[in-house]
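Chemist: Residue strings, one per chain:
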Amino acid sequence: MATIDLVQVRKTYANGVDAVKGIDLAVADGELIVLLGPSGCGKSTLLRMVAGLETITGGEVRIDGARVNDKEPAARDIAMVFQNYALYPHMRVYDNMAYGLRNRRMPKAEIDRRVRAAAETLGLAELLDRRPRQLSGGQRQRVAMGRAIVREPKAFLFDEPLSNLDAKLRGQVRVEIKRLQRRLATTSLYVTHDQVEAMTLADRLVVMNQGAAEQIGTPDEVYSRPASLFVAGFIGSPAMNIVEGALEPGGARVRLGGADGPALALDGPRGAAAGRALKVGIRPEHLVASSNGPLALAIELVENLGADALLYGRVPGGAALVARADGGAPHKAGETLRLDVAPRHVHLFDAASGRRLDG
Amino acid sequence: MVENRPFVTVFSHLTLIVGIGIVCLPLWIAFVASTHDVSRMFQSPAPFWPGTHLVENYLAVLRSGIGQSANAPVGTMLINSLIMALVIAIGKISISIVSAYAIVYFRFPFRMGFFWIIFVTLMLPVEVRIMPTYEVVAGLGMIDTYAGLTIPLIASATATFLFRQFFLTVPDELAEAARIDGAGPLRFFRDILLPLSKTNIAALFVIQFIYGWNQYLWPLLVSTKESYYTVVMGISRMVNVVDAAPTWNLVMATAVLGLVPPVIVVLVMQRWFVKGLVESEK
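Protein chains in written order, with the numbering used here: chain U, 1 to 359; chain L, 1001 to 1282.
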């Protein structure tokens, strides 16, 4: 139980590379924060700085209000789950979980009680005498979790804990992690590059790009009001359509593509952005068929995914769009389909800065 | 081979049998020679089947040596060899595992420099630096001591290098997990690195024990008293008798005795390092 505060945290390597460029984040007690971003965005470095495995070259990390920049990882009272689990190969499951407690000179009876309780919770009770190499990937993952929870630490740090599991197991363990974290109500930081994991697990997300936080918000906020072009393109699958656009006089409508492109209504006038180069973002799932919709999509390619189908095509003015339709819908390449989009689902971004433009 | 052709099976067995015969024949001859009396040794052809003097010959060399220039009992020599081989093997392993630990897991100034200094000494065999080493050992008054026999041979670049390579294959996350679990450097070394190195240690122990056991030139230089002779140099002294024919039956008995400890070490330890080769724990 603790809060974690990051104040302008920076990491600059000796060779001058800025891996993390000043992150501010306040994690509330019991909150699960997911750090999401493409590889090399600095999310793992940030997590490792909180863990104490990486030195902090600027700013401050506070756990429960106390500055921990110069504390050893063991003194920070955090527990970490690694991508490759990092179980001690020569120790039994029991000893793997007990090792951290023994090093803290906890009484034997208390260690035994905690290890058995954790094993019970995680369904490892039968496996306590096995060695890691005798376990399946999912079981190893649970041992790594067990090693973290027996410590009853102030915070859990997860470094891509699911990426070594196969897809089916990943879904299952994801739910287990969520349930466990809810029940223990332990403050957690979770690093991943998988947006599904991020959206389902997070109380709040930090979307990172090139060492900076592009947006911090709830999964819903990040999805429905992406703060930048990067977030817009990164969150959501299939990716958001992003096309050139220009405001109509008055700023209440935006025109896609060239001068003969279709104009879409906005949820509010954006007078301030008149004359600037804009990017318009529309999610494929928000393009809905409507007999008198403003967008006449000339379908070029249909990808049928079973549950739904992706329609690739162009609208007058040259803008290329992808729309998502029901799998059973009888759309064919060569047809023209009229689509509409609700004003609140039309996102505007400044083309130069990539930032969101709101009314 | 997975092929199932009788000819191939017969041929491969034949090759193996011939190979084993070639390796074992000299050992058999040595053993046979050690069971005859000295007069039989000088008749031609040399005996091919064991004689009747086995117990007598072995007791003789174990108790009293064989006279002439080699009076030390072989028993004493065996013990000296054993002490030397054990101290060298254990010493080499302990020193090199600690240096490899320092080089791999700690950041200190000139770390790579130290590594290269150790690495470069790989290229200098004992024989090249034997004179300066002798000078130092003599100056320190270590002639005719076990320390003099063993210490100069303990430093080992090979073992340091092998441990370094092994440590580099241990995932970094293991060290990080241990740090989070509150294990300091010493505890990490003792609880995690050492148990993981078990099979490497076993393999190195075998190699270094045999290296120590087979040392010839160095013990010849530093031991002047018979009570510090080792088996390997003892055998050579037995052969170099003055004004008489060597008592080959006793020399061979000593050679067979000198063979036994390394064979035992290999037999006992091979289970371990074969295991280490077969199953990977990482």
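Don't take each hint at face value.
As the list claims (entries may be wrong) - Stretch by stretch, here's where chain L covers chain U in the computed footprint (C-beta under 8 angstroms, at least three residues):
hint	segment
1	67-78
2	98-110
As the list claims (entries may be wrong) - Example chain U residues on the side facing chain L (calculated, C-beta under 7 angstroms, incomplete):
hint	residue
3	Leu-53
4	Thr-57
5	Phe-82
6	Asn-84
7	Ala-86
8	Tyr-94
Claimed, not checked - Pulled from the structure, derived: some chain L residues nowhere near chain U, Cβ distances all over 10 angstroms:
hint	residue
9	His-1013
10	Phe-1031
11	Leu-1082
12	Leu-1086
13	Ser-1094
14	Leu-1124
15	Phe-1161
16	Leu-1174
17	Ile-1180
18	Ile-1192
19	Leu-1196
20	Lys-1198
21	Ser-1227
22	Val-1241
To be clear, the hints were calculated from the coordinates, so they are not data collected in a lab.
For every residue, glycine included, the Cβ atom is placed at its ideal position computed from N, Cα and C.
Chemist: Hint by hint, say whether it matches the structure.
Modeler: Status of the hints after comparison with the structure:
1. 67-78: Since three or more residues must qualify, the claim that chain L covers the segment 67-78 of chain U holds, with 4 doing so at under 8 angstroms.
2. 98-110: holds (count 4)
3. Leu-53: holds (5 angstroms)
4. Thr-57: violated (16 angstroms)
5. Phe-82: Hint on Phe-82(U): holds, closest Cβ of chain L at ~5 angstroms, below 7 angstroms.
6. Asn-84: holds (6 angstroms)
7. Ala-86: Cβ of Ala-86(U) sits 4 angstroms from chain L, so the hint holds.
8. Tyr-94: Since the shortest Cβ distance to chain L is 14 angstroms, the answer is violated.
9. His-1013: With a cut-off of 10 angstroms, His-1013(L) remains clear of chain U, as the shortest Cβ separation is near 36 angstroms.
10. Phe-1031: holds (42 angstroms)
11. Leu-1082: Leu-1082(L) is indeed farther than 10 angstroms from all Cβ atoms of chain U, at 30 angstroms.
12. Leu-1086: Per Cβ check, Leu-1086(L) is outside 10 angstroms of chain U; nearest 26 angstroms; holds.
13. Ser-1094: Holds, because the least Cβ-Cβ distance between Ser-1094(L) and chain U comes to about 20 angstroms, which exceeds 10 angstroms.
14. Leu-1124: holds (35 angstroms)
15. Phe-1161: Label holds. Min Cβ-Cβ 23 angstroms, cutoff 10 angstroms.
16. Leu-1174: Not fine: 5 angstroms to the nearest Cβ puts Leu-1174(L) too close to chain U.
17. Ile-1180: For Ile-1180(L), whose nearest Cβ neighbour in chain U is about 5 angstroms away, the distance does not exceed 10 angstroms, so it is violated.
18. Ile-1192: violated (6 angstroms)
19. Leu-1196: violated (6 angstroms)
20. Lys-1198: Contrary to the label, Lys-1198(L) does not stay out of reach of chain U, its closest Cβ about 8 angstroms off (not over 10 angstroms).
21. Ser-1227: Ser-1227(L) clear of chain U: closest Cβ-Cβ about 43 angstroms, beyond 10 angstroms.
22. Val-1241: The assertion about Val-1241(L) holds, with a minimum of 54 angstroms to chain U.
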